[in-house]
Amino acid sequence: MRGELVNWLSPQNNTPTLPSPFKGEGLSGGKRKTMETLAFQGLVGLSLAMYLWLIAAGLTIVFGVLGILNFAHGSLFMLGAYFAFTFYGLLGINFWLSILLSVIGVGLVGLVMERFFLRFIYHLDVAYQLLLTFGFILIFDDAVKMIWGGVFMIPPMPDFFTGAISIFGRLFPVYNLFIIGAGIGVAIALWLILERTWWGRIIRASASDREMASAIGVNIPILFTAVFMFGAALAALGGALSTPVRVVAPGIGGAIIIQAFVVTVIGGLGNLKGAFAGAVIVGVLTAYGILLFPIFELFIIFVVMAVVLLVKPEGLFGG
Amino acid sequence: MIVHKGVSITTLLILALIVFLFFIPHLAGKYVMYMTMHILIFSVFALGFNLLLGYTGLLSFGQAGFYACGAYGCAKVLLVMPSLLPGIISGVLFAGVTALILGFLCIRHTRIYFAMLTLCFGMMIYSLAWKWHTMTGGDDGLVGIPRAPLEIPGIFSLDMTSMGNYYYFVLIVCLLAIILLYRIVNSPFGLTLQGIRDSESRVAFAGISVKNYRLIAFTIAGLYAGLAGALLPPLENTVTPPLAHWTHSAEPVLATLLGGIHTFSGPIVGAFLFYVIKDIIVRFTEYWLICLGIIVLALVMGLPGGVVSIFEKRLIPWVRLRFIERSPR
Amino acid sequence: MKRVTGILGVALSLVFILSGAVSAADLPGVIKIGGQGVTSGAHADYGRQMIMGATLAIDEINAAGGILGSKLEMKFMDSELKPAVAVKNARYMVQEWGAHLLFGVDSSGVCMAVGPVLPELDRIHIFCHASTEKLTENLVYKKGIKNIFRISVPVYQDSIVAAMIFKDFPEIKRWAGINCDYGYGRTSWALFKATMKKYRPDVEFVAEVWAPFWTGDFSPHLSAVMAKKPDAIFSTPWAGEAVMLLRQALLLGVFDQIQVWWQAMGGSVDALEGLAREVKGNKFKGKLWATARYIHNWPDTPDNKAFIKKYLKRWARYPNYSAETSYSAIYVFKAAIEKTKSLETAKLIKAIEGMRIKCPGGERYFRPEDHQAVYTVPAGKVIHDPAYPLPVLGELRVIPAEDYYRKPPFPPVK
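Protein chains in written order, with this note's numbering: chain A, 1 to 319; chain B, 1 to 329; chain C, 1 to 414.
Fair warning: there could be bad hints in the mix.
[Unchecked claim] Here are the in silico distance ranges between beta carbons for each label pair: (1) C/Y199 with B/L85: 50 to 60 Å; (2) B/K211 with A/T162: 19 to 29 Å; (3) A/G181 with C/K229: 33 to 43 Å; (4) A/I184 with C/K142: 53 to 63 Å; (5) C/G394 with A/V174: 27 to 37 Å; (6) C/G394 with A/K273: 21 to 31 Å; (7) C/A316 with A/I184: 25 to 35 Å; (8) B/G154 with C/P411: 52 to 62 Å; (9) B/V80 with C/G354: 31 to 41 Å.
Honestly, the hints are just simulated from the structure, not real lab data. None of these values were measured; they are calculated from a predicted model. Even for Gly, the Cβ is constructed at its ideal location relative to N, Cα and C.
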């Protein structure tokens with residue numbers, strides 16, 4: 001029926017015929033899909049998801065505690081990538097040290113953002129928050145062009161990561177496994193910090209009731225700055241970890257912030273569990289979409305998000 | 001400020017501006033005429049957007065989706081039936097219907113979720129325009145759209161191929177749209193919207209369906225975005241998917257912020273400033289994004305009321321003090 | 001409130017108009033050339049190389065006395081890969097800045113928007129990069145927009161040449177496509193498949209994936225394709241994305257499993273620089289093939305060698321094809337103006353139609369049917385050559401352009 005509709009709307013249909021998912025034609029041309037292929041693709045999707053998780057985690061923490069939706073969080077991811085590239089690719093510093101340095105560096109950028117700009121608009125409408133952080137996107141995009149030039153850059157892969165392991169009968173890059181591990185590690189670490197430490201309790205208290213927390217002696221301004229820096233650091237970690245495999249170029253921030261928004265909305269704004277779940281859903285679904293419905297790839301995550309919002313408006317874990 | 005027989009300075013100045021706009025094709029070069037048309041179209045776009053933000057308190061980051069609906073709708077019709085009015089009307093209606101449907105889904109949410117939902121619906125329209133290349137031409141877009149004549153069959157037909165003629169058409173349509181919107185926001189409907197923006201629960205207690213009013217406002221904003229979009233294809237000859245991208249949705253947001261969210265004319269002033277600033281900056285440096293970003297920062301931090309508020313709060317009182325109140329009457 | 005709008009509007013309008021009026025002044029004795037391309041983002045190198053190539057040509061011509069005594073001046077703007085911006089730039093350059101000639105434009109979508117505006121602007125435009133066949137087949141041949149000329153190779157070269165080469169590899173039967181998700185990717189893949197089917201009906205196309213612009217990670221695409229165990233891969237993402245795609249392919253062990261990887265535009269300088277390490281280490285195991293719309297080690301003529309030497313001396317980089325095309329475009333303008341002794345559009349069009357001109361990349365012939373420059377470029381394996389600091393194309397296959405360029409009446413691409 002879709003084919004007929006398409007023909008009616010444009011009689012000279014001279015595009016190449018693609019396999020139609022509605023007829024069950026995936027890439028295999030038939031209905032059989034080996035479990036191995038599906039499992040492998042899912043694993044690939046999981047590694048994709050981890051970058052999203054890192055940004056979404058930062059975004060969620062910042063929103064949950066400060067109430068600010070940081071549009072520029074993708075730009076912080078991009079800055080993390082640029083810093084890591086500079087330390088590791090250009091200056092030849094040890095890979096792990098480079099990651100640490102970029103995270104700290106972007107944390108400092110976050111410090112400036114919060115302390116000198118965001119702090120003054122907490123009382124304003126959410127529109128102004130989005131606008132201010134959008135202004136930062138514009139500034140960061142041009143700033144990286146001015147400092148590093150507008151061309152893309154790719155650093156070398158650290159030697160100990162250049163292998164691949166056979167999983168599900170196919171070769172899975174070691175680096176992707178590392179990313180999955182890192183993402184899960186961050187998730188566990190965040191859970192531990194928030195649930196088991198004194199700091200975590202303060203953060204959770206301030207998130208749920210700012211005035212009360214202030215009344216019992218929590219220094220809210222300093223806490224907010226620290227939390228924002230921490231959120232920025234998480235985004236930067238994602239960016240820094242992505243440099244060996246992804247292009248470092250202006251504009252990668254804009255591309256990834258939309259995905260991060262989708263993730264947080266699906267999971268529930270302000271909910272870390274939701275952010276993790278949302279990231280996994282988006283990553284894995286995108287990977288499966290490419291495998292099974294190649295035509296619809298761009299579209300898929302938006303549809304999923306719209307469906308979630310319509311069915312459960314606060315997000316899967318929200319409320 | 002009444003000057004003479006009930007006509008205020010304000011009205012005189014606006015009339016002067018309108019007359020000036022009518023003379024632009026004779027006063028200025030083709031490029032300026034082209035830019036003025038873009039500014040007029042953008043003003044209509046931004047005004048529709050501000051109906052949602054300034055008057056109803058809803059920040060929509062997806063208006064470009066409806067703009068694109070207007071543009072593609074008009075283009076598709078013009079390609080088969082080269083007559084200007086059906087094209088424009090189709091574009092507007094297509095955008096309006098889309099806004100009604102999507103609005104119904106969005107209106108249940110507010111604030112952040114509303115903004116994010118509209119952002120994502122706008123991107124859905126973008127990816128649809130990109131992917132459905134048999135219908136929309138994909139990334140190449142729809143090409144070869146004629147600048148069709150303005151005609152009512154049997155009565156008259158005005159050729160539009162000269163940029164000057166099309167300029168007058170765009171000018172008149174935009175002026176009418178602006179006047180219409182002015183009437184809307186100053187009507188009871190507009191007042192209700194402002195009530196909803198300021199205190200949703202009170203309005204609800206008064207027995208008014210907040211959701212319905214929001215939906216109507218959303219649809220009107222969509223119609224205006226669609227009108228702006230529909231005026232584009234005859235001007236540019238092509239429509240392409242980036243018209244629906246969220247970065248395009250950000251433009252009326254920025255323009256309205258520049259001009260002033262809480263006034264009617266804010267988006268118009270902002271539209272003008274936005275275009276002029278970008279055009280001038282781009283002549284001198286390729287780094288116009290950072291300049292724009294700094295301006296945005298400065299405005300949000302220092303001047304949330306926009307440029308118009310400088311005049312409201314500082315310049316006009318100063319002018320009044322110095323020139324008007326001192327002179328003998 | 002409204003008086004504010006009035007004052008503001010009138011005052012700023014005057015400033016705006018006057019500033020325009022001042023800058024539109026036409027200087028006698030100076031020929032203005034307006035160019036645009038993408039100078040930011042993952043594809044920025046192409047715009048930059050265009051600037052470098054054109055600047056080199058203009059400086060050379062000016063040093064030699066200009067064109068018939070008139071000096072050349074260039075303005076280059078960023079098209080941001082956006083059609084609306086490119087159209088505005090074109091209008092600005094012609095109507096405000098006073099450009100007499102136009103060149104450049106990187107992307108297919110963008111050139112389709114700029115082309116139809118040219119008759120209104122009454123200028124000729126030499127397109128230096130955008131390769132969609134629709135520019136010449138539709139806009140010039142079918143719609144008669146004669147202002148358009150293309151000096152760079154069209155998409156035929158990326159796709160048809162691949163089929164012409166690999167039809168002679170009997171062991172390669174299963175092809176998969178990793179394509180960028182827009183007109184260029186679609187047409188390349190369609191043309192490749194159609195040509196392949198003609199010569200090798202036994203070939204199967206087992207998988208295809210589509211990657212939009214700004215794809216950060218190609219691993220899901222690669223793993224989806226490799227699940228079908230193809231013998232060879234046809235790939236069209238370009239610039240930074242090509243480098244990333246190939247590196248991710250290496251990580252996934254793709255080059256151990258396939259026999260051939262065809263990378264369209266893989267021979268362009270930014271891709272070669274990005275892959276230099278891997279090529280030197282023979283990571284691609286001699287399986288990476290690429291087209292080069294221009295490659296620095298071919299043709300082996302004194303013209304080409306001189307061009308590369310000059311370019312290296314001036315810019316300390318190897319010229320990309322967008323540099324060679326823009327360099328040559330300026331010389332095409334020169335040849336045309338010297339012939340017509342005028343800047344009138346209609347005369348210039350007549351002068352360039354049918355022109356044969358020697359360029360660093362070889363001799364070009366602007367065929368009158370669709371204003372497409374016909375010239376031959378090679379394809380080959382991406383290999384390391386110690387004589388060069390970046391990879392070159394080796395085992396060159398040189399197929400004359402006349403043999404495979406599509407010809408009127410241009411049947412639709414199926």
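Next item on the list: Check each numbered hint against the structure and report the violated ones by number, ascending.
Entry: 2, 3, 6, 7 and 8
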